[in-house]
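Engineer: Residues per chain are reported as follows:
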Amino acid sequence: MVESLVNSPDTSETPPPVLKLHRQFSLARLRESIVEWGMFLCSSLSILVTAAILFVLLIETVIPFGGVKPFFGHVSLWEFFTETRWTPTFSDKHFGVLPLVCGTMLVALIGALVGLPLGILSAIYLSEYARPKTRSIIKPILEILSGMPTVVYGYFALIFVTPYIVQPLFHSFLGWEVDSTNALSAGIVMGIMIMPMVCSLSEDAIRAVPRSLREAGYALGSTKYDVSLKVVVPAALSGIVAAFLLAMARAIGETMLVAIAAGNNPKLTINPLKSIQTMTTFIVNTSKGDTPSGTIEYQSLYAVALCLFVITFTMNVISHAVMRRFREVYH
Amino acid sequence: MISPADMNPPTSTVVNNELRQALTRKSAVRPAEVAFSFLCKSAAWSSLGILCVLVGSVMWKSWGYLDWQFLTSFDSQRPELAGIWAGLLGTTWMIFLTFLTAIPIGVGAAVYLEEYARDVWFVRFIRINLSNLAGVPSIVYGILGLTVFVRMFDLFAREAIVARLTGHIVEAVVILGVEIPLPLGTTLAAGALTMSLLILPVIIVATQEALRAIPPSLRHASLALGATRWQTVRYQVIPAAVPGIMTGIILSISRVIGETAPLIVVGAVGFARFAPGKIGSLSDLAHHPGGLLEAPFGKYTVMPVQIFNWVGQARQEFQGVAAAGILVLLGLLMLMNGVAIIIRNRYQKKLRW
Amino acid sequence: MAKAFTNLMNDRAAAEREKAGASGSPDAGGEGQIVRRMKVETRKLNFFYGPSQALFDISVQIPEKSVTALIGPSGCGKSTFLRTLNRMNDIVEGARHTGEILLEGINIDGPEIDVVALRKRVGMVFQKSTPFPKSIFENVAFGPRLTGVSDRRELEEIVSTCLKRAALWEEVKNRLTDSAMALSGGQQQRLCIARALATNPDVLLMDEPASALDPASTSRIEDLIFELKENYTIIIVTHNMQQAARVSDMTAFFYQGHLVEMGQTQQLFTKPREKHTEDYITGRFG
Numbered sequence: 001m002v003e004s005l006v007n008s009p010d011t012s013e014t015p016p017p018v019l020k021l022h023r024q025f026s027l028a029r030l031r032e033s034i035v036e037w038g039m040f041l042c043s044s045l046s047i048l049v050t051a052a053i054l055f056v057l058l059i060e061t062v063i064p065f066g067g068v069k070p071f072f073g074h075v076s077l078w079e080f081f082t083e084t085r086w087t088p089t090f091s092d093k094h095f096g097v098l099p100l101v102c103g104t105m106l107v108a109l110i111g112a113l114v115g116l117p118l119g120i121l122s123a124i125y126l127s128e129y130a131r132p133k134t135r136s137i138i139k140p141i142l143e144i145l146s147g148m149p150t151v152v153y154g155y156f157a158l159i160f161v162t163p164y165i166v167q168p169l170f171h172s173f174l175g176w177e178v179d180s181t182n183a184l185s186a187g188i189v190m191g192i193m194i195m196p197m198v199c200s201l202s203e204d205a206i207r208a209v210p211r212s213l214r215e216a217g218y219a220l221g222s223t224k225y226d227v228s229l230k231v232v233v234p235a236a237l238s239g240i241v242a243a244f245l246l247a248m249a250r251a252i253g254e255t256m257l258v259a260i261a262a263g264n265n266p267k268l269t270i271n272p273l274k275s276i277q278t279m280t281t282f283i284v285n286t287s288k289g290d291t292p293s294g295t296i297e298y299q300s301l302y303a304v305a306l307c308l309f310v311i312t313f314t315m316n317v318i319s320h321a322v323m324r325r326f327r328e329v330y331h
Numbered sequence: 332m333i334s335p336a337d338m339n340p341p342t343s344t345v346v347n348n349e350l351r352q353a354l355t356r357k358s359a360v361r362p363a364e365v366a367f368s369f370l371c372k373s374a375a376w377s378s379l380g381i382l383c384v385l386v387g388s389v390m391w392k393s394w395g396y397l398d399w400q401f402l403t404s405f406d407s408q409r410p411e412l413a414g415i416w417a418g419l420l421g422t423t424w425m426i427f428l429t430f431l432t433a434i435p436i437g438v439g440a441a442v443y444l445e446e447y448a449r450d451v452w453f454v455r456f457i458r459i460n461l462s463n464l465a466g467v468p469s470i471v472y473g474i475l476g477l478t479v480f481v482r483m484f485d486l487f488a489r490e491a492i493v494a495r496l497t498g499h500i501v502e503a504v505v506i507l508g509v510e511i512p513l514p515l516g517t518t519l520a521a522g523a524l525t526m527s528l529l530i531l532p533v534i535i536v537a538t539q540e541a542l543r544a545i546p547p548s549l550r551h552a553s554l555a556l557g558a559t560r561w562q563t564v565r566y567q568v569i570p571a572a573v574p575g576i577m578t579g580i581i582l583s584i585s586r587v588i589g590e591t592a593p594l595i596v597v598g599a600v601g602f603a604r605f606a607p608g609k610i611g612s613l614s615d616l617a618h619h620p621g622g623l624l625e626a627p628f629g630k631y632t633v634m635p636v637q638i639f640n641w642v643g644q645a646r647q648e649f650q651g652v653a654a655a656g657i658l659v660l661l662g663l664l665m666l667m668n669g670v671a672i673i674i675r676n677r678y679q680k681k682l683r684w
Numbered sequence: 685m686a687k688a689f690t691n692l693m694n695d696r697a698a699a700e701r702e703k704a705g706a707s708g709s710p711d712a713g714g715e716g717q718i719v720r721r722m723k724v725e726t727r728k729l730n731f732f733y734g735p736s737q738a739l740f741d742i743s744v745q746i747p748e749k750s751v752t753a754l755i756g757p758s759g760c761g762k763s764t765f766l767r768t769l770n771r772m773n774d775i776v777e778g779a780r781h782t783g784e785i786l787l788e789g790i791n792i793d794g795p796e797i798d799v800v801a802l803r804k805r806v807g808m809v810f811q812k813s814t815p816f817p818k819s820i821f822e823n824v825a826f827g828p829r830l831t832g833v834s835d836r837r838e839l840e841e842i843v844s845t846c847l848k849r850a851a852l853w854e855e856v857k858n859r860l861t862d863s864a865m866a867l868s869g870g871q872q873q874r875l876c877i878a879r880a881l882a883t884n885p886d887v888l889l890m891d892e893p894a895s896a897l898d899p900a901s902t903s904r905i906e907d908l909i910f911e912l913k914e915n916y917t918i919i920i921v922t923h924n925m926q927q928a929a930r931v932s933d934m935t936a937f938f939y940q941g942h943l944v945e946m947g948q949t950q951q952l953f954t955k956p957r958e959k960h961t962e963d964y965i966t967g968r969f970g
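Chains A, B and C are the protein sequences, given in the same order. Per the numbering used here, the first sequence starts with residue 1, numbered consecutively. Per the numbering used here, the second sequence starts with residue 332, numbered consecutively. Per the numbering used here, the third sequence starts with residue 685, numbered consecutively.
Some clues are possibly wrong.
As the list claims (entries may be wrong) - Distance condition first, Cα-Cα at most 25 angstroms in a straight line; then the derived PhoX-like pairs of lysine-lysine: (1) A/Lys230 - B/Lys372; (2) A/Lys267 - A/Lys288; (3) C/Lys857 - C/Lys812; (4) B/Lys630 - A/Lys288; (5) A/Lys288 - B/Lys609.
What the hints assert, rightly or not - Partial selection, computed: residues in chain B whose CB lies under 8 angstroms from chain A: (6) Lys392; (7) Val442; (8) Leu461; (9) Leu464; (10) Trp561; (11) Ala653; (12) Leu660.
Stated by the list, open to error - Covered stretches of chain C (chain B as the covering partner; in silico rule of three or more C-beta atoms under 8 angstroms from a C-beta of chain B): (13) 766 to 779; (14) 797 to 803; (15) 874 to 881.
Worth flagging that the hints you see were computed from the coordinates, not collected in a lab. Even for Gly, the Cβ is constructed at its ideal location relative to N, Cα and C.
Put together the whole structure using the sequences plus the hints.
Structural biologist: Written out as structure tokens, the structure reads:
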């Protein structure tokens with residue numbers, strides 16, 4: 001089918017210039033591969049960091065290292081998870097992590113109760129109702145709130161929320177006893193802290209819902225209310241769930257806010273007006289004092305950190321899996 | 332085609348009253364609808380209210396404490412004399428040292444993932460791992476830094492591996508005249524290394540986004556000219572992505588400025604009456620320039636740790652000092668964000684794809 | 685080096701003119717009297733994107749110092765074919781091919797072939813002009829710099845030679861330090877051509893170089909192509925059949941990944957051998 005119109009062989013007078021296409025060893029080529037390997041190592045470092053975290057947490061708790069008996073060699077898992085007292089620094093030592101987990105969850109749950117509705121409603125407002133101008137005001141405010149150092153949130157809970165909101169409401173009005181550091185204030189401010197995160201992640205999810213779906217809703221004569229609540233939010237639900245999980249993980253891992261505002265008192269209670277201690281508070285307060293390594297107090301730091309890591313990591317992994325699934329649906 | 336004139340006139344003149352009513356009737360406003368839109372609106376605007384109350388209450392508390400003396404003094408047991416100078420210097424050092432290690436590694440990793448990596452399981456694993464690392468609580472990084480940098484697995488302790496192998500206890504190495512303690516202990520260097528691990532995922536993700544914003548046509552044009560992959564990245568892609576990368580980096584500086592918990596774990600001092608490397612002023616620097624090399628291997632404090640320390644003080648006056656510290660911290664953050672916005676706007680105008 | 689480079693270019697041009705004069709016909713579109721070496725050749729080239737095949741058994745021979753136009757409806761594989769010739773498809777994940785691609789008889793797929801060296805010999809101009817966000821000077825100097833030319837004088841000489849060859853010199857000679865992004869679309873495209881010339885290639889691949897330009901700029905580019913073929917082997921993908929007829933010596937018609945017909949442009953447009961070709965050039969489909 002193809003016919004070449006010039007079929008005579010090479011007859012031009014000048015000899016063809018020598019083509020130099022062959023690979024040659026050169027410094028440039030060597031540099032190329034060194035650079036590539038270097039950058040590959042940089043990106044592998046992130047895996048090394050994960051591995052190092054696991055290693056560090058496990059050598060003090062599970063794996064005997066350097067002849068030192070690890071934490072769970074002294075304390076049984078059963079005791080760790082069922083004992084209701086946490087007194088590693090007292091002479092009468094008890095290692096029950098429940099009070100810490102309970103305190104952590106109490107604050108995180110209050111945070112979720114405050115932050116989740118605030119965040120999701122704002123996300124609906126920003127994506128469905130708000131004009132571009134309004135968005136351009138509210139978005140930066142949310143960014144400022146999410147970039148706020150958590151020490152500031154802790155301070156805010158301690159010097160404003162507790163004395164001017166929680167105490168008047170529950171102590172002066174209802175007559176209940178309120179500690180000066182308590183889970184409720186910390187939880188409320190935790191909600192404020194996670195709200196921007198919930199909002200921006202939910203907004204992403206809501207925006208990923210295709211326009212056709214909304215239009216179908218409107219074409220059936222639905223109002224904005226119907227469309228947002230009955231079409232958009234259900235369609236974005238798994239994205240919102242992922243946002244919720246990420247925000248909870250963030251709340252559980254948050255340190256300074258609870259260290260300042262929630263107290264330092266490991267007590268198994270669900271009364272949010274009491275001073276409690278979270279896992280993170282225990283770590284930050286115990287490591288502040290120069291606990292000598294090898295002692296069981298020191299190891300208990302790692303046991304709590306391991307517990308914290310497992311909880312947050314699981315939530316993160318689930319949330320990312322949910323989010324990936326959600327993205328696959330709409331892309 | 333039927334022209335309007337062909338249409339049957341009588342039917343069009345008869346007004347369908349039922350239809351008109353249906354179309355013109357104001358549908359009843361459901362209370363739930365009003366309530367819902369009001370809820371959404373107030374939730375979104377509450378952020379503004381919260382921000383105002385937060386900043387307002389801090390300002391009110393700080394009244395009388397934030398002054399020039401506060402900015403330029405070291406800490407003190409007396410609230411009226413306490414200052415944040417040590418924290419300011421420490422935070423500056425922390426930013427500098429953190430980015431000294433984090434930028435090359437973070438940008439390198441991002442360039443590899445965006446420009447070199449093929450879609451193989453290992454690379455996918457790195458990507459997933461990165462997003463999970465970003466969710467690890469910062470205090471866990473503190474524990475990591477405590478073990479790896481501050482104590483170095485106790486390898487240098489009495490009767491540990493190094494002592495047994497070398498026959499004597501190693502306490503420091505001297506490199507280029509600078510004594511580096513081993514293990515690093517609660518030094519600025521240990522803090523900065525911990526911090527750079529913490530912000531590495533942030534920098535990588537920001538750089539990846541900046542690189543993704545560079546159109547592939549730029550890379551193709553360069554490759555078609557016979558540039559190698561690295562030449563393409565080095566001379567075309569990275570220069571074009573610099574504004575994006577800078578914005579990401581400056582935003583992660585905010586994270587470094589505000590991060591507290593891991594630094595407490597790796598031993599930042601709460602009460603410090605000294606500057607890193609004993610360089611507290613320009614004249615100190617002139618008399619003792621070697622301090623610049625000593626600073627990373629000495630003790631330090633940073634602003635948020637100082638603030639945390641003040642908040643925990645029994646005397647009520649220190650709450651005011653803490654508030655003043657918070658205002659300085661927030662001012663610095665605003666400054667950083669402002670710079671980021673300026674860079675972004677400036678280069679966006681210059682570069683249009 | 686720059687001297688040598690310019691000399692080389694001039695020598696080539698001179699030799700070409702001599703040859704054209706000797707054979708008595710400067711018209712490359714004549715009935716095959718001009719004897720030329722084959723510059724680019726493919727044999728049984730099959731190309732795949734992952735599981736789907738984009739090119740089927742393409743065998744072509746392209747003589748040196750001529751313009752070959754590749755035409756066909758969009759998605760017919762002509763761009764893919766073009767990009768195999770300087771192995772730009774290497775960077776597409778999942779792309780692979782079988783068959784041979786020869787540059788002056790050398791198989792460019794061999795493991796011993798340096799793809800970077802290949803791309804310096806086989807330049808490419810894209811559909812969308814892709815100036816680097818740098819100055820005009822730096823755009824053209826980029827290629828020579830890669831090969832290690834760092835002397836400012838040499839670079840200046842190369843830049844001016846290439847800009848002259850790309851017919852852009854007069855318009856930009858007083859603002860070489862301005863950003864290339866500030867040029868008009870047509871100027872940007874000519875800058876890209878100048879930039880490609882600066883690596884001293886002998887084959888130029890052009891992927892619809894004028895499709896995004898206004899008619900005036902298009903005709904400047906076409907004139908330029910006509911001038912450039914004195915020294916370069918040019919392969920151009922185009923949508924526009926008038927353009928193919930105007931600028932090319934040979935035309936290849938691609939359809940659904942097959943090479944339907946290839947021949948002298950005049951013949952292909954006036955007396956196509958294949959029904960498909962006729963339908964396409966008379967506008968019955970595509």
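Engineer: Which hint numbers doesn't this structure obey?
Structural biologist: Result: no hint breaks.
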